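Assemble the complex: chain A is given as a structure, and chain B must be docked to it using the hints.
Those sequence lines, one after another, are chains A and B. Going by our numbering, the first residue of the first sequence is number 1, and it counts up by one from there. Going by our numbering, the first residue of the second sequence is number 1, and it counts up by one from there.
Some hints here could point you the wrong way.
27 Å max Cα-Cα, derived DSS-like pairs, lysine-lysine [to be verified]:
| hint | chain 1 | residue 1 | chain 2 | residue 2 |
| --- | --- | --- | --- | --- |
| 1 | A | K105 | B | K342 |
| 2 | B | K487 | A | K128 |
| 3 | A | K3 | A | K128 |
Residues of chain B clear of chain A, computed beta-carbon distances all greater than 10 Å [claimed, not checked]:
| hint | residue |
| --- | --- |
| 4 | G50 |
| 5 | I141 |
| 6 | A242 |
| 7 | A329 |
| 8 | P332 |
| 9 | M335 |
| 10 | L362 |
| 11 | I444 |
| 12 | P446 |
| 13 | Y480 |
| 14 | L483 |
| 15 | Y486 |
Distance windows between CB atoms, simulated [claimed, not checked]:
| hint | chain 1 | residue 1 | chain 2 | residue 2 | range |
| --- | --- | --- | --- | --- | --- |
| 16 | A | G21 | B | W249 | 47 to 55 Å |
| 17 | B | R477 | A | A161 | 30 to 38 Å |
| 18 | A | A114 | B | I354 | 46 to 54 Å |
| 19 | A | A114 | B | Y480 | 30 to 38 Å |
| 20 | B | F97 | A | T55 | 36 to 44 Å |
| 21 | A | K127 | B | K226 | 50 to 58 Å |
What the hints contain is simulated information worked out from the structure, not anything from laboratory work. Bear in mind that the values here come from a model prediction, so they are computed numbers and not experimental data. Beta carbons: idealized from backbone N, C-alpha and C, even for Gly.
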Amino acid sequence: MIKVNNLTKAYGTATVLNIGGLEIPRGQSFGLVGNNGAGKTTFFSLLLDLIQPTTGEIINNEVQVNTSEAWKPFTAAFIDETFLIGYLTPEEYFYFIGELRGQNKADVDRMLAAFEDFFHGEILGQKKYLRDLSKGNQKKAGIIAAFIGNPEVIILDEPFANLDPTTQIRLKQIIKDLVKTNNVTVLVSSHDLTHVTEVCERIVVLNKGEVVKDIQTSKETLKELEAFFAS
Amino acid sequence: MFKHFISLQWKSFSRSASFKTNIWIKILMIFGALYMLGMFLLMGIGVYFGIERAGLGDPLIIVNRFMLYYWVVDLLFRYAMQKMPITNIKPLLYLPFNKSEIVHFSLGKTIVSFFNWGAAFFFIPFSIVLLVEGYNSVGVIGWYLGIMAIRYSNNFINVLANNKDIVFYPFVTVMAILGACQYYNVFDITLYTAPFFESLYHTPWIAILPWAVLVGLYFTAYSYFKKHMYLDAGLSVKQSEAKTEDLSWLNRFGNLGTFLKNDLRLIKRNKRSKTSVIMSFFFIFYGLLFFTGAVEMYDGPVWKIFAGIFVTGGFLFSFGQFVPSWDSAYYPLMMSQNIQYKDYLRSKWYLIVIATTISTILGSAYLYFGWDAYLAVIVGGIFNIGVNSYVVLWGGAYIKTPIDLTSNKKAFGDKQSFNAKTLLLTLPKIVLPLFLYGVGHYLINPTAGYIFVALAGVLGLAFRNFAFRKIEKIYKREKYKTLAAYKQKA
Chain A
1 MIKVNNLTKA YGTATVLNIG GLEIPRGQSF GLVGNNGAGK TTFFSLLLDL
51 IQPTTGEIIN NEVQVNTSEA WKPFTAAFID ETFLIGYLTP EEYFYFIGEL
101 RGQNKADVDR MLAAFEDFFH GEILGQKKYL RDLSKGNQKK AGIIAAFIGN
151 PEVIILDEPF ANLDPTTQIR LKQIIKDLVK TNNVTVLVSS HDLTHVTEVC
201 ERIVVLNKGE VVKDIQTSKE TLKELEAFFA S
Chain B
1 MFKHFISLQW KSFSRSASFK TNIWIKILMI FGALYMLGMF LLMGIGVYFG
51 IERAGLGDPL IIVNRFMLYY WVVDLLFRYA MQKMPITNIK PLLYLPFNKS
101 EIVHFSLGKT IVSFFNWGAA FFFIPFSIVL LVEGYNSVGV IGWYLGIMAI
151 RYSNNFINVL ANNKDIVFYP FVTVMAILGA CQYYNVFDIT LYTAPFFESL
201 YHTPWIAILP WAVLVGLYFT AYSYFKKHMY LDAGLSVKQS EAKTEDLSWL
251 NRFGNLGTFL KNDLRLIKRN KRSKTSVIMS FFFIFYGLLF FTGAVEMYDG
301 PVWKIFAGIF VTGGFLFSFG QFVPSWDSAY YPLMMSQNIQ YKDYLRSKWY
351 LIVIATTIST ILGSAYLYFG WDAYLAVIVG GIFNIGVNSY VVLWGGAYIK
401 TPIDLTSNKK AFGDKQSFNA KTLLLTLPKI VLPLFLYGVG HYLINPTAGY
451 IFVALAGVLG LAFRNFAFRK IEKIYKREKY KTLAAYKQKA
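Only chain B is shown next, with the shape it has when bound in the complex:
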């Protein structure tokens, strides 16, 4: 029977939409994964020698001291990211499988999750280095097995704690306070926890303890899930209570207000869009890398504009980039309702412009780094509003990947950003302003550079109607292809 489960699992993995991309993206993904693993490996080896060279003492003792925090961070990551094993169980429930087998399988499935074996790429090389450096081999093996059990325990703690925010956040808060206490030398919790990790090395049989805990947790999770294996209990999807908010103050903008209201609700009520907008806020801090001189490569004068574009363009890049995919779930409605393409596009444009203006105002904080930095931000904002806002909408016409609003998957980096046409369209968004500034800066003076970039933005605004007509035409041409593509759910 397990044979069936495993073949199902394999099919769901190999046939998932994210795998059906073209070969180049697959290769890129594989390289990305290899890179991450390589970094872990290097860290595993490097940590030992790093600590030794820094003269902090016995590397194993140091690692054991911070093991508590690793444990908490690992738990935190799992809580935020790891998916529950219960999805896709529904179609199996009524088939002649034993319930206990289904539960064993679903729990077993979590063991092969990246969260569990990923860290092994750090701990195995670290242990090997310990062995090579002449640590007691039985001790190292006991230590490794103990840590491994603790890591897997986290897996099942997370499974059990899932969605119990009341337990989870107080716990995290307590740990954060303890961490702060240690940092300010008030109270050092690790003095009490490190001896346990130490003992795993000195008396290896203690590793049995975490393994016993692991087995206990597994069976607790097992019995919990078995008892709750009903559609209205453990398998139910949480529904949030709907909150209506009065946005009628937007009515004064007429047709535009109708769409803006909708877009605001879209952003507020869906996981995916909320994440995007929160991400866009962090773009504002990107400029710090440039203006503080933190990254040497960014010290060239042209890079100031680069910073300005990104500081003010967070929303433009993270939200605007994916217009009209945000409306993919109900695109047929939008296309057959009493909506002119022009109005639809204009409302999205205003949304981008408003958000960019807000970012630009918030970006005034860069005044702290002098007028030069501030000017770069302002000019970047003007260029974003006057030129990039159109380019982003233009590129959107070629985006044919539907967005699943309710899921946060793929929020970080989507394959659609690799679409050749949209990739080509990033050129005018970033390279053009750099080029314009460069021309002014090197041929005349820095002020001329700023003026050139700002002028491009102002010109863009002046030709707004022309730009909209062109974009509208492209959207109309692409409409049927887009509709067909959105129909195939990701």
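Chain A extracted, bound-state conformation:
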């Protein structure tokens, strides 16, 4: 689904990302871990064509991301609060995203109904604009918006941070279901090793912009990762 070739990103003389080759097959749940400054958000920003690669390219479903816009219809993401429109209510925001993705109001309503548990009664019908919601609730809205319109690739940057334990557990289940039933490719980054190992079939560790580990998740993975980050 996603192919990365000789991708580098440099600011001045400092190279912040350098990935020689990486291939993520369709329907994989892909986890990205690494310390601050390892290049996780840089990689995701490159995937969304928000920054330009210094060299190399990313191919998303046969579309070269930095030259064509054709990846947009099947790719969705929630990176940070700049993906929210603060002056809309959550409902208006969902309908807006829905309309951009060819979903009418009824489609979006049906889809949202499935996430009632996840929202925990704190998102819909609150008479609040997104900008007035708490950080955690904003995040919930942003993550669910990324699921609208059956995208084939979903990119979530640190989705577990700021969420309450109940929501974290529900989100893990949602991601697993998406991969299993809809064959969606999900890319997740996280600082929480337990969550990633639980959700992702494959985990890539970035360190100072380079891939240092590429693991198919197994029972030993959590230990292995902990050992790596402890040293």
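Same frame as chain A, now just chain B:
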């Protein structure tokens, strides 16, 4: 401990984003400030002689008569513009400072606000003129100190009254009615208030009274803030209840409707954009300066077109100018969602065109000044739609300053308007139509002038797709720079 506060304050001032502009804008800002102060100074000196020459009587008595209205207007301005001192307190709350010190400092901070010392540039020269003209010096000093205390009292009244619209607007209404009564000679409130200001001069020790009031107000404000120094009380940010409105009638425009809906909400729900659109409405009256002959300089025939451009282009200049910065807070979303640049730009263009059409229709009122004026408005509207709408979008590609939608700061004049490229792009917006008209007017006749300008607009419309392709290309090229710039919050 105050040392810490003052150094923090200085840093927040000297490191604020608006100061990080380039040297030329700083110089311009300094000149602007000096100009304002100079005007105040001149007014302070000029008022005395102006009143004397007009033969209205003793200048001090006249000034005292209107002092009541000065007081109200000053209060009004403060209420609308002066910021509360409580911002930026949050990070200090849990640090080992005494609460009382924090409150004293925040209140003290307001004393150095421009609202307090700005007017001194009027009152000090005025008092000096009084002294030179042989008024009793003790009296003048008493008068000045009294007025000064009243001005500072306003400062704390405003601090206390902040956000209490229920108290404030009735008060303003009453004062406005009193003012009207005086104007129509029904009832003159100043007959009752002027003696007080007079007495400040005749019996200077009365100045103690306003000072006592000032001290009282200060301590009321102090105890009020000390009691409410909690995140969920005095420091909470007001949230407005969200109102959803049904804009589904816009759905028939397909993709375009989606964006238009969003833009309408953007305008309605954010302070900054609302101010801009209200401002754009007042552009309509700009033409009065031209067609009534109020300003002599504007009497040349070419200036009619200038008026036409501005009368119909209010929205274009105040809102359109800042596309795409209106979406700066969520630009990454717009860039990664399923949106083609073409659709995004087209929706903004339609918004500008609709608003310009409305302005042009409202501008029909200029028919009152004859066909000539009306034609200028119509032709200006056509040019705005056909040419300026593209130029404005084109210029937007180079605007890299994010807009903070929730704050009204900088709504009046932004440094981004000084951006060299956007400045250059104002040339075709204003000079080109003037030039086209001038060519027609002087070489053939006025009608030819109008036809030339309108023709440019029609041609622009005809080449719409071509123009959009070009603009889209520029936006794509500038995309990454824009994204990076919007990331740095203003």
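Q.
Hint check: K105 of chain A vs K342 of chain B, CA-CA at most 27 Å. Holds or violated?
A. Within the cut-off at roughly 24 Å; holds.
Q) Is the Cβ of P332 of chain B more than 10 Å away from each Cβ in chain A? A) violated (5 Å)
(Q) Against the 27 Å threshold, does the CA-CA distance of K3 of chain A and K128 of chain A hold or violate the hint? (A) violated (41 Å)
(Q) Does Y486 of chain B clear chain A by more than 10 Å, comparing its Cβ with all Cβ atoms of that chain? (A) violated (8 Å)
Q) In this structure, is the beta-carbon distance linking F97 of chain B and T55 of chain A contained in 36 to 44 Å? A) violated (52 Å)
Q | K226 of chain B and K127 of chain A - C-beta distance against the hinted 50 to 58 Å | A | Distance hint for K127 of chain A, K226 of chain B is violated at roughly 33 Å.
Q | Assessment of proposed distance window 46 to 54 Å (beta carbons of A114 of chain A, I354 of chain B) | A | violated (38 Å)
Q. Is it the case that I141 of chain B keeps its Cβ farther than 10 Å from each residue Cβ in chain A?
A. holds (52 Å)
Q. Is it the case that M335 of chain B keeps its Cβ farther than 10 Å from each residue Cβ in chain A?
A. With a cut-off of 10 Å, M335 of chain B comes too close to chain A, as the shortest Cβ separation is near 6 Å.
Q) So is P446 of chain B really clear of chain A, every C-beta pair being over 10 Å apart? A) holds (47 Å)
Q. Within 30 to 38 Å or not, the Cβ separation of A114 of chain A and Y480 of chain B?
A. holds (37 Å)
Q) Within 30 to 38 Å or not, the Cβ separation of R477 of chain B and A161 of chain A? A) Once the Cβ atoms are compared, 34 Å apart, the range 30 to 38 Å for A161 of chain A and R477 of chain B holds.
The earlier numbered hints that this structure contradicts are 3, 6, 7, 8, 9, 13, 14, 15, 18, 20 and 21.
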